[in-house]
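Novice: Each chain, written out:
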Amino acid sequence: MTTLTASPAPELTADVPASSFWADTWNVMTRELKPLWREPASVLFAMVQPLVFLGLFAPLLPEVSEGSALQWFVPGIVAMTCLMGASFTGANLSDEMISGSHERMLVSPLSRSSLLVGRACKEIVPMLMQTALILVVVTPFSFDLHLGGVLVGVAMLALFSIGVGSLSFALALVSEGQEWLFWTVQQTLIFPVLLLAGILLPLEGAPGWLRFLSDLNPLTYVVEAQRELFAGIWHADVVAAGFAGGAVVAAFGIWVGVRGMRRA
Amino acid sequence: MTTQRPTGPVIVTRGLTRHFKVNKTHVEAVRGLDLTIDQGELVAFLGPNGAGKSTTLRMLTTLLAPTSGTASVAGHDVSDAPRAVRRAIGYVGQGNGASHQQRGRDELISQGRAHGLSRAAARERAAELVADLDLEAVADRKVASLSGGQRRRLDIAMGLVHLPRVLFLDEPSTGLDPQNRANLQALVQRLHGETGSTIVLTTHYLEEADALAERVVVIDHGRVIADDSASRLKTRLGDRVLLGFASATDAARAAERAARLPDATVSVTGEQVEVRAPGAHQAVAGLLADLHAARLTATGVEVSRPTLDDVFLDLTGRSLREANEQQSTTDAPTEGEAA
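Those sequence lines, one after another, are chains E and L. With our numbering applied, the first sequence covers 1023 to 1286. With our numbering applied, the second sequence covers 54 to 392.
Chain E with its partners taken away, still in its complex shape (with noise of 0.2 angstroms):
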């Protein structure tokens, strides 16, 4: 035990230089990221459920007159593996938070807006290898790959990656000492969002009270606009309404959860 000090003394004792929000943030995110670099199948363990859907489900859709069942049904469960793995994310946080490590973070330097941020925008890491992953499973079959539309529709997952992160990691917040409370509310939340975005059935026949509903789901264009876009299809409007649902979600989400992180 000779090196405790070996580096130069001076610059170690000195305080901190302050560092920017994009610093931190970065910081945040890439610590976030290194379990995911350690053992990349874990990224699977969010995609059980999905994929179940995706091999049980799927091939009882009936055939459509425009295209495949696996053409309409692909994009929903590409959304749906990225809201079960952002509203997942949370738990991570409750975690570290019974464990300590959370409280060493919120003594280091980093701002409290960056420990919310670096968090949330990890997110699109894991569902971009998702979203590789099923479509390499599902390209074979009757899946036709419009690989411009698919960037377009990744870039507006990516938004609502970030936006349910951050609301999963608010209520991983709200939930410390209770940790049940992030499970049920998580759990009761998130079927219901599923159903009225259309994912697994389409809501074309719905009454008209569910249609309204959906009506209010942010997702809901968030997946119609998925469909269009892996289909290959380009109407401004429904990308538009996609990147704003999106958008809504991002900016509700990060204003929710910085709220949390700084009064953490």
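These aren't lab readings, by the way, just hints derived from the structure by calculation. Where hints are given, some of them may not hold.
[To be verified] Where chain E lies over chain L, by a calculated footprint (3+ residues, C-beta under 8 angstroms):
hint, stretch
1, 115-128
2, 146-153
3, 161-168
4, 211-221
[As the list claims (entries may be wrong)] Computed Cβ-Cβ distance ranges for the label pairs, DEER-style:
hint, chain 1, residue 1, chain 2, residue 2, range
5, L, R194, E, T1206, 32 to 38 angstroms
6, L, R194, E, A1045, 25 to 31 angstroms
7, L, E260, E, L1155, 54 to 60 angstroms
8, L, A118, E, Q1200, 19 to 25 angstroms
9, E, Q1200, L, G202, 28 to 34 angstroms
Predicted model, so just to flag it, every value in this text is computed and none were measured. Idealized CB from N, CA, C, for every residue including glycine.
Dock chain L against the given chain E, drawing on the hints supplied.
Specialist: Same frame as chain E, now just chain L:
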């Protein structure tokens, strides 16, 4: 050593107070704490569980807002300029600083990056600390798979990635075996000697406060009940000399003579005489000669320097062990829960 060592106060608290509401009960965890700690001091907060030590530390590290009163650390107010405080301090909490999902070395590097080190410097520093804290075998494993003692060493390494002006350690030795506890003490003392950092640690181990700190702040029920060097705290109480005699009569006669020692408190129990007096460990030789001259021959002699436990008992009427046990049986929250 070329480091400039600024002197003067680095931690100042005035009337620092923190109350909690726990299950509709009002808990006054810290009550009007006035403390001044100078740059370069090595201070231990000693007290039983729930005394308010950790709550105080959490206020000084900006984790908890004071209910009233003020605290400044490294010249910045903890409420008005928390980020400036965070840039000047390091903190090892009671929990695990490294996430259980991460690898230890990755967390050390992330911690370095968060504290302004370049990627290369952070990597180098992590390697130094891994070697220093004997973590080579486990640094590249997931933290969840480490033993309690290994995790604690990693926590301490995390706290030392940057060497701050003020380092706070909240019960650093909890969960360490005696070997690692001794290593930790050596590490803290070496760090203090080499960097001139101010180090504040909490402990409920008397031996630790005694072995480590130059200054011991004894806290009980949210108040400072003593604040001095360990040796002065003990000197004030005096040494204890236990003398045995062949008969109770001899013991009574010896007690009369022993009472002539300056500031002595003497009590007799059967054939035993207990003398408490400052510096008695030196005076005992003369006392024995005096007793011998009076034909009083002691059959047994036992001299003990006071421990901090004796000091705590003297200050509060309770032994520290009792106080810890009392605390764990009452419904009062532990500091961690209350926070």
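Novice: Among all the numbered hints in the text so far, which are the ones the structure does not match?
Specialist: none
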